[in-house]
Amino acid sequence: MSISVQTNIPPAAPRNRAFWLERCQAICVGPLALLLCGAAIMLTACGPPPDGDAPGSGGGEPPVVYSGAQPADPSSESSHQLAGAPTKALEACEASEVSQAVFHVPSKLIDERHRKGRDLIDPKKDGWDSEVISQRVQKQLDEIATAVASGAGAEQLQAFEWVDPEFTAGDLYAAGGQVVFQAPQLEVRHPTVVAGGEARGKTRFSQVFGAIVEWFPSGATTRTHVKTIEIKSDGAAGDGQTGETRTTATQHIVALFWSHAGRRGSYHATWNCRWKEIPQQGMYLLTLEAADVEEVQYIDSPGGSGGWFQDDSAAVFGSCSSYQSQLVPGLNHWLRRVDTVDGMYLFAEFGIAVGDVNGDHRDDLYVCQPAGLPNRLFLQMEDGTVRDVSAESRTDWKDQTSSALLIDLDNDGDQDLVLATSSRYMLVMENDGSGHFEVRNKLPFADRNVKGLSAADYDSDGDLDIYLTIAFADHRARPDEERPEFIYYNANDGGANVLFQNDITPADWKFTDVTVESGLDVNNRRHSLAAAWEDFDDDGDQDLYVANDYGQNCLYRNDGGRFTEIAELSGTVDYGGGMSVDWLDYDRDGRMDLMVANMFSSAGRRITTQLNFLKETGAEIGALLNRFAKGNTLYKNLGDGRFLEVSGDAHVEHARWAWSTVSGDWNNDGWDDLYVANGYVTNTDTKDL
Amino acid sequence: MGAERGLTQVLQELLRNGGSFSGRERNCCFLNMGNGKFADVSAVTGLDFPDDGRAAVPLDWDQDGDLDLCVLNRSGPQIRFLRNQYRGANRSIQVRLEGTDSNRDAVGARVTLSVRNGEGTHKILRTLRAGDGYLSQRTKWLHFGLGADEHFDGLSIRWPSGNAQEVSSLAAGGRYIIREMHPPVVAATAASTAAPRPESMVGSQAAVASAAKKVTSMRTVLDYPMPIPALDGMNNTSDGRGVRKGPTLVTLWNTKCLTCRRELKEMGTSSVAFEKHSLRVQLFCTNDPAKERAEADQVLRDYLWKEPARFSTAKLEDQLQVIHDEIFDLHDQLPVPCSFLIDERGRLSVIYKGALDLEQLLEDVQSVDLPPATRRRLKPLFPGKWSGSTTRHRSTSLAMAMMDQGWVKETLEFTNRFEDVFAQDSDYHLLLYGLAQQHTRAEQHRIAAALYLRAVEAKPDFASAHFNLGVTFRLLKDFEAAVMHLSLAAESAPNDHPTWLELGKTLSRLGRIDEAKTQLARALELEPDDAPTHFEFAMNCAIRGEIKTGIKHLKQAATLQGEPYADERYRRQFRAGAQQIGLPKLRKQGLDVEPQEALLEELTSD
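Chains as they are written, first to last, in the numbering used here: chain A, 337 to 1025; chain B, 36 to 641.
Keep in mind the hints are simulated off the structure, nothing from the lab. Glycine included, each C-beta is placed from N, C-alpha and C at the ideal position. Don't take each hint at face value.
[Said to hold, decoys possible] Cut-off 30 Å, straight-line C-alpha distance, at most; resulting in silico cross-link-like pairs (DSS-like, lysine-lysine):
1) A:Lys778 <-> B:Lys414
2) B:Lys350 <-> A:Lys452
3) A:Lys452 <-> A:Lys475
4) B:Lys300 <-> B:Lys280
5) A:Lys444 <-> B:Lys350
[What the hints assert, rightly or not] Incomplete in silico selection of chain A near chain B, CB under 10 Å:
6) Arg814
7) Asn828
8) Ala832
9) Ala933
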């Protein structure tokens, strides 16, 4: 930090695709950028705002005088949209149509924020040529996708202006082809698509897309999704004067879906396009080839009232008033009502624990909640509905709770409860055997930004020890510590994860922090989001894999209660924003393989391969950052202590901004499948960053 | 820090103001095809909700032999139960383990099912884990899908204790409990045949919609009343007898808002109750006073208000917005009506977004002075208990947000008014420092100095503040004070080059040349390639008559500076400095040392 009174750096101009560009900036700008990273953190991970270093230097614009009320955007989701009317009598107001208008306090301050926000996501404003092209191409492909899904006829297909007269294409879809998976109700096929094709221009365009139109049954409900993941232009854009053109290659992930009369179908493929850019006119499609085409058909169960999985939340939880009043609205609703000092924040997250708390052999659910809302304990009843026993079980904590475990800590045959709260301690509660809980210990730790809990008997002494992961460090709680450097692609400055060793006696529910002596303090501050135990080397003790945001993950090999960090040695570093861990034997070779969730970001994929990005980051870091956007990682356990990444071959990478990526055999065929819960922050604005 | 804050603030504000980031992404489901590849079955399974999914646990909730899913979301609905309805012929076996030598839950046990089919024998592996995925703990029932034509030979269990156990005589479709080294028993609860038929999948979605539509007012009680700045247009002494007793309710309203009118009507008839509680209501109309004054006045008259309408200023609205944004992490635009209950010491007690309930308001008025822990229990929403203690908002945070708006004067007033509260904040010194910087920029050096002094009072080893204080005092020509604070800065940050440089310069101005040279030498140790330091050092040498050393540093400064004119400029200044010691003496010293040099000649010539 410079300490000259002359220091007055003007605010940087907002830039679009801010997140990825910022990665570039964070690396290149030097020491100042480190501070930037500190604050930028909130965008990717999920931490509370890091502590500021110094007061603001001003630069805010003076408020502008605003006159007159204006209705706000009526489409914005808001439970405080209030009715009003210009007429005098209240009764008349109620009857009036105008009373549906929405009122907010007019605010130039808010308008200004929105303007800055819009600028930020507008690629035209920051000279990212490739992003401007990407938006244009995306728009055109969205148009054709929408057209084919709504049954466009040949005439309509011929009407697309952006098809070059010399356009050529291979098949996008063909009936027949290899059936790669078959089961009752379900078939997966790889259609044989032929490259090339004789016809050209709009005729060919109409042919290849006509095949897709036919793929959709008439009258079906349809859905389309096209994502642009790569873009490469040969040279700079012309100025529109000399008639010069350039060619741009783009790659897209395409997903199409229909459902109709108890049947469902989906189409997945990668489309590779080449475009001719004529300055001031537009992008003209030159070629289109499909790869990795996969078609899935599913027939609904006879007598069933929906698809393979059906949302039965209302049937299970509907009889509890807490479901309707607390669990249905979602975080955005509570963000408007709960004070931030209680621990409420935009990136709050809350987990779930399954266990049988009353010994009736039925699984019950402990559901964590954001700050200010009491956690819920749902007992499963005989009929599959639940009863909310949060208050009577004394587990209705209102502290921001990120995760919970139901485990038998004292080996007395019932499920005790452990909670990770942002109150800087772990709450340990004893079950009296009937599903009533009493606090037996509050285990302190340094940092507030707690994430996951996972238990195992790491020292093989017959009781369960608990590992807690923490993302951001709480610098306020560490006043004597010199703040370590934050490196976006290789951070090791987060909060410290903790291993609590179970030393419970009947009189004293004691736990000892053994992080250091067990050897788990190595690479222990890498912004950890999740951890899972597994004896991956089949030597009889529990090893631990930790998924870390901002860089490297950790694999701790357990050798009789003492850990060695072997991520690099074992080939499981997995640079990226690690979000979750699961172990499964996906190939049934008798060894536990490793599934790590990461974010998949098409914007990240596009930007990190651009030359002007790489120019700033350098090839090596650029490649790392590109990996940050690549998606989930599946590691095959080779059995000799090493792992091999097979994500691409296995087709599990493109799972978006992934969180829980969990395995289970959804169709009882003896092979483990995967489910990915994903998505970062959905808000009222439908335009995404 | 303008640059860093500029970008990230905008980014964060984008999300806090309703922006999305990788939002509406559909969840995924991948089917293992048994050939090393997975098929994307996200859409056909119906699992691809566009929620912000987080935790997920597979479990056979309805005990029909297949795995259902329970998913937790950031967005609403926060929980979904997803029932597996696949009716393939495949069956399963599920086991629940109970450790004896091992931990009772048998967490860490590895269970292997051997399966035979036409192609040979293979194994299905399960490990009992407590905590995997993200923020999730799955069921302790281990589930084995059996495939269509497969026969299983039995289970082998490797218990965490090291015990190994082989289990046979299991039947497909069964649920078993296996105690460590004991034979399996069939689980007591059979699958409930009367599993509830779901009302419909629409159920929860309709619930979402209805919850979103319901217009409810939002009342948020602050545990610790929060100091806020004086609000623009607020009349603090309306009764003309100085500071009045009792709380104030500030309400924004608009003539075109039905809810506002209802509220005004109700409040208009409650003046007696308000007086009883010493509650004063200040209404601010958000209409355009130029065009709608008459209408606003009329509304108030209709509802028995005695005074004509007062209109909110843009400043007031922005102030309230900034205060709101301190309390909530989603920075929605304020609705009308909205009300702020402020206690007589000027601290915000309760915020009401939307209509307020008058009875509730009067209760809130009575509880403004209750202790924070009690106030915490008065919060609306739902019953439950807190494990952590309550805390207050950092006043410095609000003050800094105000400063970001450029409201320097108001921030200073606010800080002074609640000095005792601010002093409890660990970053109070940073706020004072920031305020001082603003005054420095405005060239109000005396106010700046006073603020820097308060900053170092709050944090005596605050090097940056001492430094700026030193520079400020020098600007104010108080060189002694400047030297003192620069020395303190140097003490706290001994490796900071600018501190030593400024200290040297200031000492030089005081004529303490030897000391100046010592400090400048330290500065040069830290930054050997800093041109201004070399120049400053040369000047002091000149004054001392150490011409040869002076010239050496002068040349270095000119070289490092790298500008074509630096050489000439430095020489001129150096000559002026050198001349201070008197020309004859200088000439003599210079000539004694190096009789030639044209440069020296030039430097010392008249």
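How the hints compare with the structure:
Annotation: proposed proximity of Lys778 (chain A) to Lys414 (chain B) holds, straight-line Cα distance about 25 Å (limit 30 Å). Taking the CA atoms of Lys350 (chain B) and Lys452 (chain A), the gap is near 20 Å; set against the 30 Å cutoff, the hint holds. A C-alpha spacing of about 23 Å is found between Lys452 (chain A) and Lys475 (chain A), which places the hinted pair at or below 30 Å, so the restraint holds. With a C-alpha separation of about 25 Å, the suggested pair Lys300 (chain B) and Lys280 (chain B) falls inside the 30 Å cut-off, and the hint holds.
With a C-alpha separation of about 10 Å, the suggested pairing of Lys444 (chain A) with Lys350 (chain B) holds against the 30 Å cut-off. At about 12 Å, the closest approach between the beta carbon of Arg814 (chain A) and any beta carbon in chain B exceeds 10 Å, and the interface hint on this residue is violated. Nearest Cβ of chain B to the Cβ of Asn828 (chain A): about 21 Å, over the 10 Å cut. The hint is violated. With its C-beta approaching chain B no nearer than about 18 Å, Ala832 (chain A) sits outside the 10 Å limit, and its interface hint is violated.
Proximity of Ala933 (chain A) to chain B holds as hinted, the smallest CB-CB distance being about 7 Å (cut-off 10 Å).
When held up to the earlier numbered hints, the structure conflicts with 6, 7, 8 and fits the remainder.
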